[in-house]
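K.L.:
In terms of mature numbering (1 follows the signal peptide of the UniProt record, and there is no 0), the sequence shown is residues -19 to -1, 1 to 379.
Calculated from the structure, these hints are not laboratory results.
Glycine included, each C-beta is placed from N, C-alpha and C at the ideal position.
It cannot be assumed that every hint is accurate.
Capping the alpha-carbon separation at 30 Å, the derived lysine-lysine pairs in DSBU-like fashion look like this [said to hold, decoys possible]:
1. K50 x K96
2. K139 x K74
3. K139 x K50
4. K122 x K96
5. K136 x K122
6. K139 x K96
Distance windows between CB atoms, simulated [what the hints assert, rightly or not]:
7. E190 x L169: 55 to 65 Å
8. Q118 x E171: 25 to 35 Å
9. V235 x R125: 52 to 62 Å
10. A181 x G224: 54 to 64 Å
11. E57 x G224: 47 to 57 Å
12. T205 x L169: 18 to 28 Å
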Amino acid sequence: MPIFSLIALVLHSGLLCNGQGYYERNPLPVETLSSLNYEEDYTEGNYDFQDQVYRWNVAEYPHPQRHFKFCGRMSESFVCDPDSVLEKEQADKLDASIRQLYQGTPCICGQANCKEGDGGIVVGIALLKTLYQPYNQHPSKTIRSFSEFLRNTWKLGKCDNDILIVVATTDRLSFTDVGKATSSYVSLDEAHRIFLEHKAHFTGGRFYEGLQAMLGDYEARTRTMRAPTEPSDDTDMGVVAGGIVGAVAILGIVLFIVVVVYRRCKNKRKDVETADHQMDGKSEGVSSPSWRKKDIKVLFNSLKSTDKRSQSSAKYQPCETNETQPTKKNSFVIGDEIIDTTLATPVDNHDDTQITTVTDGDSATTAMLDRELTEAVEDIAQTFKPKRDIRARHETDL
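Throw the hints in and build the complete structure from the sequences for me.
P.N.:
Printed below as a string of structure tokens:
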């Protein structure tokens, strides 16, 4: 009878050893796994009977607050460690550091979603030994997709204000995913740099020290963090109203300036046209700007030929310049002076006085008048050029 009892005890012990849970086993050393360990070499489910390793699928990984017992925790937590990578005391310290970081940062979810006592950034930690890796996918892509999907599934933050650190110890893989709201304070690149700064801890198997150092850097970067301010509705309406009034005022000023400039340009153009018209009408007997130098020369040549025919029987009468006389028919007005173009005036022989003949002095006077008239014609021709500018006008000295 004692022999049967002993045999039964041995068989019972063997069954217990074969039924030992995975979370109670010691982790496999990394050196025992080949580089192709992530390939499809299992026979049933996610459990690898050859290496006695359970490969976690992201859809089966437990939630640290809904299924905290499966995460190896006694209550709701931010740390999930179903493979017992850490000791219980180490997981508790990490959980306390995460809560301290959450309470030390202001709420960044907006006034509508933030309540009294709410914190800012939430950090979650997911620890596992190996994860399921498809044979046609690179391990780095697998751990990244695992982290992104798990963070969106856990939803530790109200408004994507969370950070999730995933570490696969046996696979030597790790990735940190950052929520959209948190990226304004700790970006994805900064989170990656923080991991690289403490990568030596993870390489040496000191996972607790590495995670604690990363949490310390998160706290240092968010120490001066301020909650985003949201303007009230009244402020928004005031800003909109002020912007409208300012835009209308600026538009009115611009229109006023345009009108003033237009009126000034128009008045200036009228003044130029008036001045040109006055220049055209300065000489009596010349009413059209189509008159040219050659036309005026023809006029004076005809006058001189008439004068030569009348020299034998007519006496020259000098112009009376001291007396104010009306403008004669054969005269031009230049400035304030009147130039008489009459070369000779016959004198009626009604008196008994003797008619004198033309002397040499009269011939000199005729030559001088001819020269002065030629200069006057040239000046008048310059005055009647097609393109006139009032600013370039000058008075002619005869």
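K.L.:
All the hints need checking, so say for each whether the structure fits it.
P.N.:
Hints versus structure:
Distance hint between K50 and K96 is fulfilled; the C-alpha atoms sit about 29 Å from each other, no more than 30 Å. Distance hint between K139 and K74 is fulfilled; the C-alpha atoms sit about 24 Å from each other, no more than 30 Å. A threshold of 30 Å between alpha carbons decides the hint, and for K139 with K50 the separation of about 23 Å falls inside it, so the pair holds. This hinted pair does not check out: K122 and K96 have alpha carbons roughly 37 Å apart, beyond 30 Å.
Between K136 and K122 the CA atoms are separated by roughly 21 Å; this keeps the pair inside 30 Å, and the hint holds. For the hint pairing K139 with K96, the CA-to-CA distance comes to about 11 Å; that is within 30 Å, so the pair holds. As the Cβ distance of E190 to L169 is approximately 23 Å, the hint placing it in 55 to 65 Å is violated. At about 27 Å, the beta-carbon gap between Q118 and E171 stays in the expected band of 25 to 35 Å.
At about 55 Å, the beta-carbon gap between V235 and R125 stays in the expected band of 52 to 62 Å. At roughly 55 Å, the beta carbons of A181 and G224 sit within the given window of 54 to 64 Å. Under the hint 47 to 57 Å, the C-beta atoms of E57 and G224, about 49 Å apart, fit the expected range. For the hinted restraint 18 to 28 Å between T205 and L169, the CB-CB distance of approximately 20 Å keeps it satisfied.
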